[in-house]
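*Asks:* Sequence:
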Amino acid sequence: MSEPEGGSEFGYIVELLEKGKVTIKNIERELICPACKELFTHPLILPCQHSICHKCVKEILYFTLEDSFNDAASETSNQSSPRIRISSPSMDRIDRASRSDSAIHTGWKRNSLTPRTTTFPCPGCRHDIDLGERGINGLFRNFTLETIVERYRQAARAATAIMCDLCKPPPQESTKSCMDCSASYCNECFKIHHPWGTSKAQHEYVGPTTNFRPKILMCPEHEMERVNMYCEICRRPVCHLCKLGGTHANHRVTTMSSAYKILKEKLSNDIDYLISKESQVKSQITELGLLMKEAECNGERAKEEASNSFDKLFDVLEERRATALRAIDASRILRLEKLQSQIEEYQGLLENNGLVGYAQEVLKETDQSCFVQTAKQLHDRIQKATESLKSFRPAAQASFEDFVVDVTRQQEALTDLSFHSNGLDIPEINEEQSKMYNKALICWDHPQRAGLADTYILEYRKVNKEEANPAWQETEVFSKSKVISDLDTNSSYTFRVRGYKGSICSPWSREVTLHTPPAPVFSFLFDDKCGYNSERLLLNARRNAVENRAGFPLLLGAERLQGGCYTTLDYIVGDTGIIKGKHFWAFHVEPYSYLVKVGVASDSKIQEWFHNSRDLTSPRYEQDSGHDSGSEDIFVENLQPFTLVTLGMKKFFIPKASPAPKDSVSRILPMPSCIGICLDYEKGRVGFYDADRMKCLYERQVDCSGKMYPAFALMGSAGVHLEETIAAKYLEYQDEDI
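For the sequence shown, our numbering begins at 191 and goes up steadily by one.
These aren't lab readings, by the way, just hints derived from the structure by calculation.
Source: prediction; values computed, not measured.
Errors might be hidden in some of the hints.
Stated by the list, open to error - 27 Å max Cα-Cα, derived DSSO-like pairs, lysine-lysine: (1) K467 x K483; (2) K719 x K467; (3) K483 x K691.
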């Protein structure tokens, strides 16, 4: 039997008070309403077992209803919501007021145009609570909590006197309170209103109090019935009418006395356990205090060590800066000296102006002997000056380009500078699970399965030949996979990931480069209606995998096989066609497959295949059978609006009609683990790809004369499985279907 919780979450306080183990003044925080942050006033028990003041319920419902009219988001579930002070009704009429108020604040006439609002945002647990059809009327008053609050008020006020409710002014101090009349009396008023020999003389009276609770707890749904059972499913008290034909008809219930006994015993045991652990709690508090001091010391030590590490970097940088500046200064001084020397040399050339004048005067000499004697030395001097002018070249360069410091790598390293720990594994990107289609699904794992990170940073960038080091884009991930959107088709992207555990991070993983398809993804499933041969082909329930099986037709054709005939190809197509655009899809051919043909075909050609099926009477009919002649290949492929390539026995066969070499060895490639097909409808071209590397293996023209479908043909033992991204049309990383 589940634990009954019909009283309230404050039931354990009563036990503590009864045993005298806890003083009333130590429980104030348990007596505060989560909505108004004041002591509870006439608390009601919500379905979530939290309690809240009656007036707070009314106000929150009022704001909720008002917000529904204004189409605004409700803010009243916040503890700091604005409040309107509404005078609460007198205590002896609180139940009747709660019923009338619920009818007012929840609206909720059957012929009203106002939307029904029964959802109540609980300030305690922050969850929306459905109050049901009756609203506040369906909630129990928490009388136990009221009693505790009243006892707390009296202790806090040092037993402030409670005045008589019926005295004429000035009222006298009351001496007793009547629980039946819900009023307090002085001695004289009590004798007047409870005379001997009348029924009122039999009323129950207690000491002065303001907390009046009924003698019997009545059912909120059936006002004239007392609660005498406990519903174990809803965990609330119910009456016999609730069990017979109400909302609790099919619920498991127990008697109230049994629920009281069980709950009282459990609460008592829990309280005894808590009290017995008082010394343990104190020692744990002491331990936590020591841990705080240790954490403070260790934090300061870690700061000092980190500061020392950065100081070492600063010292290295300062040393390198000083060295670089000294080298620049030395080069500058040397260059300036050379240039100054050259300036002085050319200053000397300016002084040759007198030499020119002197030479001009020498030219006036008419005596040849005298002229030759003087002109020889003069000519040598002028020739030397002329050569200096013709071969002018600065003695030093003004540019300091050879002294530029490249700090790109150092900046990147400093940007990635963080705390590293040998205990945190380096994540590794799983290339098999990672997929690149319209979007990228990147998955990673830890090889050692130890030292797992709390969060990850995934970085990626597009491989661009024009840009040497493109900037990384990063995203924070809280799992071990991430979907990246907005990727360009026919492009390569590099990915890397690192893990973080608090402030500690792992080194970057190995960079992985993946390729996007040459066109957007085309999503489809195998068609189980158009020409599907259930005797030969076996299609799974999801229609994303098909295999050929040897059935009775194959056994019955055994005699023909002895005569050299071959069985038919069993065709199956996609359930969606293409009438425009450029599209890409991918699939796996099972390694055990004997013969599989894949490609595209128009709707007219598909109808011909399915209505005029025939046996292959000769190996020469098979265009990729390896026969020496290629005339049939060219004839068949040029005639029909379709293109198929052959795969089988872990090989990929390039058709003979292609520009590839005609010899068989050159036309046979290893079969990729994942095969892709790209159809450009407007250009009439179809390409066959190694989908793992996005490398084109074979491409040719195709006649797109109608709606084109993905086409498959199987013979012998063979199987084809569509790539999950192609078959699952609603995956997160898959665009909408065509």
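*Asks:* All hints, please: hold or fail.
*Replies:* Comparing the hints with the structure gives:
{"no.": "1", "hint": "K467 x K483", "in the structure": "holds (24 Å)"}
{"no.": "2", "hint": "K719 x K467", "in the structure": "violated (72 Å)"}
{"no.": "3", "hint": "K483 x K691", "in the structure": "holds (23 Å)"}
Hint check: a violation occurs at hint 2 only; the rest are consistent with the structure.
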